[in-house]
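*Asks:* Turn these sequences into a full structure, and let the hints steer you where they fit.
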Amino acid sequence: MSELSQEEIRRRRLARLAALGGTSSTPTLASPPITPSASVPSSDIINAQQPSSRLSPSPRGSTESNTSADSVNTNRETHFSDGVSNSEVPNQNKIPADGLIVTEKTDNLLDEMPDTKMTDLSQTRQYNSFDSMGDDTLLSCGSVRVGSLPQSTVGGSEGASTREDSTSRSVSPPQFVEPPPVRPRTSNASPSCSRRSLSMEVDDSSERNSRSEQSHQEPMEVEDDISQSPARKIHRSRTVSCTELTEDQLRHIVSKILQVSWSEDSVGGIFVPTVAASLLDNPKLSLEELASEALIDVITQIEDGSDPLNQKLIAVSETSKRLSEDCGDDILTSGPLSSETDTNSDKAECPAPTLPIPKTIPTQGLAVSYILRFYNNINLYEREHPKKSSEPPLSDMLQSLRTLLVNHLVLVLRGKFNLVKCRKSPLLPYILIGNTPIGLLPELLLATYLDQEAFEEVFVPLLMGIREEMRRCVSPLNGRGHGPALRALRALCELRAGPRHALRPVCALIARLPSLCPAPVTTAPGREIARVSFLGPFFAISLFAEENPRLAERLFATGTGDRSLAFALQREVEASRNTLHTICHNILLSQEAREPILNYFAVLLQRNERRVRFRTDERSLAGDGFMLNLCSILQLLSVRIKLERVYPFYTFQPNIWVNIRDDTRLFFTSQEAQDWLDAINKDPNHKWPDAKFQTVCWFLTLHMHHVALIPALQTHQRRIRAFRDLQKVIEELMAAEPQWRNSFSALRNRELLRRWRRQIKRLHRSKQCAETALLDSELMRRSLQFYASVCVLLTQQLEAARDAGHVGHAGHVGHAGQVGHAGGSSSGNESGGDSAPASATSAARGALADAFRATPEWYVEDIADFMLFAVQYVPQVVADYIEDPIITWILTAICHSRLIKNPYLMAKIVEVLFVINLSVPLKLKNVYERFMDHPMSQTLLPSALMKFYTDIETTGQSTEFYDKFTIRFHISIILKGMWERPIHKQAIVKESRSGRQFVKFINMLMNDTTFLLDECLTYLKRIHEAQEGGSSNEARARALAQDERQCRSYLTLARETVDMLEYLTVEIKEPFLRAELVDRLASMLNFNLQQLCGPKCKNLKVRRPEKYGWEPRRLLSQLVDIYLHLDSPQFHAALAADERSFRKELFEEAAVRLAKSCIKTPTEIERFKALADNAYQIAISNQQKSDEFADAPEEFRDPLMDTLMTDPVLLPSGKVMDRSVILRHLLNSATDPFNRQPLSEDQLRPASELKERIIQWQREKKLS
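Per my numbering, the very first residue in the sequence shown carries number 215; after that it's consecutive.
Mixed in with the good hints there might be a few duds.
Within a straight-line C-alpha distance of at most 25 Å, the following computed BS3-like cross-link-like pairs (lysine-lysine) qualify [as the list claims (entries may be wrong)]:
#1 Lys1310 - Lys1370
#2 Lys942 - Lys975
#3 Lys1321 - Lys1235
#4 Lys1315 - Lys1370
#5 Lys901 - Lys856
#6 Lys1199 - Lys1139
#7 Lys1310 - Lys1358
#8 Lys1476 - Lys1465
In short, the hints are calculated from the structure, not lab data.
*Replies:* Below is the structure:
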């Protein structure tokens, strides 16, 4: 008493009363241990068993074991002893304050080590867990971690404890207020304690492992006198029952747990003179008051600048080892950030810390370290004495100690003591490494969440510290392992409280943070929100070289792809995305946080919507990695959303989170779509329903694919093209080196080569990083499955539009708000009421039809773009996970192409079927079979493809002439594959008998064949001339290269058109022999036969013809096959009518070549000669008739062809033409050739009187 004045004792007792004030009003319960013999009783039983003199909570439950490598402590754990003798209290002067491993040998290490940076993991590490939280010395969660809690005479690691982390209880939070200036009471009575349920979710497997460990490793409750010599006799002490514990024994346990002593002659521990003085004044001081006063005394000593246990923040080699093991798995960030000296090591180690050795630490951090140490001592004691600690009065006392420690921790964190504050939350290093005592965070939450001010003062600094650590982890320059920060945020978001665990206070707190969705202040809002928002750093994990350049430089420096490395990186990113999904899912489960987080996602979409543009400033937008992480999280959130719960008209509602106002629609113009919506909104009986979470989340996911995934895929394809183009330029310049080696441009060319090689090296690294990020099977699988649900919705709407036909856009507008989609949902689903199927009324079907016409084009285009990318780059994912809705949608869209206005959009859908057809020999054979086995492909697909082949003749674009050949090439490949299947072949033959549509298709096919063959032969002649000329000047070489590219392209297209003519004429003959077609077909065949076998055929001979795909013998064989397939009198007459190219000598020369080259059999050659003879006889007869009727009157002649009309028809314009001539014209252009007005075959009227006059004139001419 002489050392402390009465005023000092009074001041400390007032501080103690402040801590007890929380428990006096709303005392909290901490979690007691659960043992094999203990269970959790009901609250009624607990209340009945509570004595009046002390808190009597329910037994504590076993917690999940922390099985991570960083929670395993190899130091020997010393068991607690319940003896009352002070001689059994071991020396505890070397117990660290913050849980770092400290031994006697390292006691003076701080003074011995210089202030230099350490780079060798095998040496002792320095680490400052509190003072390093400033701007100069940074806390490193990935590289440097605070060590495990110490294992001294009363300590152990967190992972060794088997106590449950309070998963079945909650505690009433105290109200932390300043106490009035009165002396504390000396009564031993303790207030009653209420029970609450705690909401931490316990891993079942960890709990079972923990209990199993208890059953096998539970220590015998026998106390040995450790002070005896090693040669002492081993005897068994009498086991002391919990119910027999005396007040002195309980005080002794408190002394050991708090590591304090109130006797000056005791050895070890922290001497607390205030407690000693209080005991002299009141020997019957209650345990709660004794423990509180002891804690206040310890904190006061720290406050006065002393270190009661001579703590020093030194992490020795074992801590470094644990940190290295934890960081070693983080390939994404630790790989490229390791020191350069270990580049060639077999196993990448965790980067060495670069923090200077601290000389001092803030007293607030030291106080928190002591409190956490004491809290962990309770867990260790319960682990070593599970039976005793689960029954009163010991369980009550341990419960009270926990409550007291949490209350004091809150006071320290809120700055209620005169301590030097840390720059960041003192709890940050512990939660980052997962080293907080089990059950502390849940009880800290329950102790504060009802007091918003206290709750924010405790948890806001902790959240901001985690966010700052994550920001540094994903920084391109200072990146470290991001796993600890992610896991720390997940642990906080999983904390629950309140009745039935319904409240998630930390999630609600995140939603209230101003930094969750800050207003833009720069001209780059997309990149700004990704950088400054609270969740931004957590979404910024990226594999792209543009966002993580050090990853590209380190992992892909050699330029060779390592599939195992790529797979490891993909799995790490996938694990991070799963953690982010857990975080966001927990936030969305909070009613207070759901709308703010959805608004955050929507704002991210809106501020980055320019990503979909072809040319945009990427520096002002979020990166591909950031957006893909966000897209993946929304995919995971939408995976369980049933489409029946999605309101299909959501995008047309006003004031929604997604915007399609300026998007091009599938069928409507922008004005038509606006008129449709205006009519809906003016309907007094219409009311838009409130959108539910399922609807909002599903459409946000759809739009996120449009803004995040599709632009990333397109950027990667442009990156690949740029890489190939630059590689080709380098090869061409290298090939021409002999020409410029000794010229004046040699220096410039060599500099260009050096620059281009550096550039192509960067492009290659960027391509490898992008492939690792984009070709992730999990990302592609989720995207494919989500697009399957989109296809279901589109198919239902398209079928409604098909049934409704081309009705006016205002036909059913008044009903759109009363229905959902055709799958059976409606707006009633959104409002919680019953709904009728969408097909119940025609009005509902009409509303769905209009909704489809007003749907943005990119809904359909994105599906096609994704499928084209996936089939090309990840075919195995498509083969394994493609679903029937995607197949049905593609076929339905092709078969009803009239409902989609943009022909290029339809062409892209057809291209999907084309690339799947091309990939049949590889991995997509099963997918192709599923397409071909679909009923729609066996009935409607052939005719739909032929119709689209015809309709694509005009597209309205400047490049339509060249585009149509590419599109028709795709269709010809698809039809060729279908022709090989009997059921589809039958459908094509059936279509040929249906009427004019097939005739139009044949006409376009003939037009293409004529043009392509003519172009091919022209370019072959030019190549022949260039090769024969031998000129090697640069201009001539460029012209030759251009001709070779064009020739190769045209020959590829021509080969397929000729193939189609050949196999179609085997089974189908009648359409080819129609009057409007047969003459043109015969002329085309004769002309090309003349080119191949005529006197100038040598001009088609080129060097290395296989380079261009030029096969003259194959082409000649195909032409002869077509001749033989159509061998008939009508065809003979058409051949003879070709006065320009038909000559009998030509056919005879062709027969000689066929026999000489063994292209055809003798029988086929004889048939070919007979065909030519028949045509020649008809040609002679035609010549005689031509001479006889040469003087026909002008009115009997066709105005276009100047030939004698045989079947004159009257046009609406009043002109008269021969029927065969005008029909041939209408096949190419449905207009009147004289005034360009629309004209169809139905408008033609027979000129019967003129026809009779022509016939009469012919008779008279013959008689004369």
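*Asks:* Mind listing which of the numbered hints don't hold for this structure, in increasing order?
*Replies:* As far as the earlier hints go, not one is violated by this structure.
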